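Keeping the supplied structure of chain Y fixed, place chain H upon it in accordance with the hints.
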Amino acid sequence: MFHKKIAILICTLILVVSLGACTSNNQMVSSKDSQEAVNTEYEISFIDDMGEEIKLKEPCKRIISLYSAHTENLFSLGLDDEIIGVGKSDIYPVAALKKDVYDYKSDPEKVIAAQPDLVLIRPFINRKNPDFVETIKKTGITVVSLYPDSFEKFDDYILKLGKLTGKDERAEELLTEFYQNINNITEKTKDIEQKMTVYFESSENDYRTVTLDSMPAKAIEYAGGINIADDVKPIQEGSSIAPYGIEKILENADKIDVFISQRGVMNAGGNYHSIIIRPGFDAIKAVQNDRVYVINQKIISSPTFRYYKGVREIARMMYPEIFDNIEVYKSDDKITRREMAELIVKFTHKGIYVPTSKYYKKPHKGHTYGFFEDVKWTDKYYDYIETAVMSGYMEGFKEDNKEYFYPNKTVTRDEFAKILYLIGDFKANNKNTKILDLDKAQNQKIIQVLVDNNILECKDGYFKPNEEITCNEAVDILNKIKDIK
Amino acid sequence: MRKILMVLLVAILVIGSFTACTTKADSSAKANAEENKEAGDKKVEKDPNKKAILVVSFGTSYADTRKVTIEACEEKIAKAFPEYDVRRAFTSQIIIDKLKKRDNIIVDNPTEAFTKLRNEGFSKVYVQPLHVINGAEYDDLVNEARVFEEEFDKLVLGRPLLTSIDDYRKVVAALSEEMPERADNEAVVFMGHGTHHDANAAYACLDYVFEDEDEKNVFVGTVEGFPELDTVIKKLEKNNIEKVTLMPLMLVAGDHAQNDMAGDEEDSWKMILKGKGYEVDTILRGLGEFSKIQDLYIEHLKTAIEGETH
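Chains Y and H supply the protein sequences, listed in that same order.
As numbered in full-length UniProt numbering, residues 1 to 485 make up the first sequence, in order.
As numbered in full-length UniProt numbering, residues 1 to 310 make up the second sequence, in order.
Chain Y on its own, in the form it takes in the complex (with noise of 0.2 Å):
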């Protein structure tokens, strides 16, 4: 297997220099670096993904990054600082909106100026603008194209950004963590008799889905669901999409129990209204049962760890018995903010909110996603987090201008009771209970419907809004509403 490697190796060293003897000055030059690659004064040495020999002396320091999901995976790897500049869309995490943005379809005198040590592109820029790239090359900057067209790739992938960086051990541990992640969820669905069927929409147009080794098909298979489409072929070679068609998914009606579409691209999947509209659609048995879900792509498309985040939200689709249970947090201690973000999205089965790259072209009035300065990215709960805050459940706070969370703070009835209002549908019935305390709350009106509704109580007429709530009383009392949302 080595031999075969290094024999490949060698075939295409002979190609580089035999194309570089009869072409331009340049690819001279990249052909006397190639043959000094044999000798190992190099520490990093790969071939990319446009079969470019890469070999650097050390790792990169002043990185311009052009595509999305390197910029992402860069700053997973724990990089900042070296990250100079990143692509037009690139915004997760929210630390790249600090960055300088530079564009493929630009100027690369740009990127030049810039002096970066390494440009990050993928295969897509050397096709749409060979120019951009070649003139950079030019000029001894190393561009680096990477892009891993299937999910068996992603580990290459990941470990040469990190050999590029420097961080191969980073790498080796964030996969590890990464699959350890994907594997809990396998485990807690694996042995599930009653598998859900799913059919996974990524193009509203003509109905196509996706291929079986792409990673939403892959997604699907580790967060225990059966897909429906398991007999399709790629539109075109080496495409993640694939035709199905009205047919199909009609013929199999009452056969599939959720029905995904991934959003978030051009021409991608519908949103949940124009799905359940469609003509002929009220006979599928996820739209009967309001199983239609919507996905963003970034994190079930795209090669990043926040892919992980997408096996676990198709998880909670289709199992949220089990992922959304919400007795598992039963216990006498007082609940944080934290825990109360994660158990109301939970409870309220909302999908984890992912920005795309067109939410911060206008601002925002309220929160701002991302912008909590005490609730890290890397946060275990930093997407439940945005979820309940994003969605109206629950609120920051501004102070001088930057938002905080105080996401390790306890949680007062008072507060609760609000949070309770905002996810449920609570009519006055003007019962008027007397709550002798109801002065020293803020939300007065709330807390009044609540108790007349007997969702909260009073203790011989004392509501006590500033006494904090324990995560038992928590979760008693959303069972309680369960109907009513």
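Simulated from the structure, these hints should not be mistaken for laboratory data.
Each hint should be verified, as a subset may be incorrect.
What the hints assert, rightly or not - Taking lysine to any residue and the SDA-like style, the derived pairs with C-alpha atoms no more than 20 Å apart in a straight line are:
1. LYS243/H x ASP452/Y
2. LYS365/Y x GLY275/H
3. LYS170/H x LYS243/H
Claimed, not checked - For each label pair, taking beta carbons as the anchor points, the in silico distance ranges come out as:
4. LYS57/Y x ASN104/H: 51 to 59 Å
5. PRO130/Y x ASP85/H: 28 to 36 Å
6. LYS195/Y x LYS238/H: 51 to 59 Å
As the list claims (entries may be wrong) - Some chain Y residues flagged as far from chain H (calculated, every beta-carbon gap over 12 Å):
7. GLU152
8. ASP206
9. SER357
10. TYR369
11. LYS402
12. TYR421
13. LYS427
14. LYS459
15. GLU473
Computed from a predicted structure; not experimentally measured.
C-beta: ideal position from N, C-alpha, C; glycine also.
Just chain H now, with coordinates in the frame of chain Y:
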């Protein structure tokens, strides 16, 4: 030869000036220029008996709300004017493209619609926009129509819903039939789109007319203009309101109504009002569904046909 060159030059200048001063209509102006050339070659004979009504709206990709709003208006117009050929145009190219690609439904933009009507030999064309205010989209439509002014014996535009003071009163009367009954502590809040255009004053005016017509506790706010939701909330507080019913002041109950008004989103009107302790109900019906609003568009069209505007 020199003559041809001159014509070409003029044509280029004309096209140039169009592309320079239009933004949204850019691509359609180009398409129009191409088709102009084609038709120029053909020179279609105008038929004095061929009369058309073009019903123009922003459009929606949702078939359910389209059926009960835009299509319902078109059908009612067709019934009221049986001697006219009734056509449809959408101003949103994004929606036109989406419908074509996804549903294989072909909808013209106004320029395409005008071009077709001309090529088919229509002599009289009346345009009824289903717009709510005389805003930027209405201006765009006027500009697009102007290009074809010479092509028809008559090309007249009807006015949007809220134009004359009489319109405002009639809209208030039409909506009063659709609003829920309100106790002293209950209000109806309409959500308009709002605009940077000076026609934005229409929303505050409508709010005023509701009051003038003694429709108590009815307030108008906008997503992108004035009055803002904060302004509305001040009025709710002043009037000791405890329950609010939200209704869209838009032709169709599309994404704005579903998300900005009634969605579980931190900046939706429903969530902001609930957070302040109001009991909130939402009515997801577009203006185009209401029979008396449809009648008002027909009235505007009649006025246009009778030659009282433009």
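Hint check:
1. LYS243/H x ASP452/Y: holds (16 Å)
2. LYS365/Y x GLY275/H: Given that 20 Å is the threshold and the Cα spacing comes to 15 Å, the pair holds.
3. LYS170/H x LYS243/H: violated (26 Å)
4. LYS57/Y x ASN104/H: 51 to 59 Å: For ASN104/H against LYS57/Y, whose Cβ atoms are near 58 Å apart, the range 51 to 59 Å holds.
5. PRO130/Y x ASP85/H: 28 to 36 Å: Once the Cβ atoms are compared, 52 Å apart, the range 28 to 36 Å for ASP85/H and PRO130/Y is violated.
6. LYS195/Y x LYS238/H: 51 to 59 Å: This hint holds: roughly 57 Å between Cβ atoms.
7. GLU152: GLU152/Y is indeed farther than 12 Å from all Cβ atoms of chain H, at 33 Å.
8. ASP206: Contrary to the label, ASP206/Y does not stay out of reach of chain H, its closest Cβ about 9 Å off (not over 12 Å).
9. SER357: holds (17 Å)
10. TYR369: The assertion about TYR369/Y is violated, with a minimum of 10 Å to chain H.
11. LYS402: Check passes; 17 Å lies beyond 12 Å.
12. TYR421: With a cut-off of 12 Å, TYR421/Y comes too close to chain H, as the shortest Cβ separation is near 6 Å.
13. LYS427: violated (6 Å)
14. LYS459: Consistent with the label, LYS459/Y stays out of reach of chain H, its closest Cβ about 23 Å off (over 12 Å).
15. GLU473: Nearest chain H Cβ is 22 Å from GLU473/Y, so the label holds.
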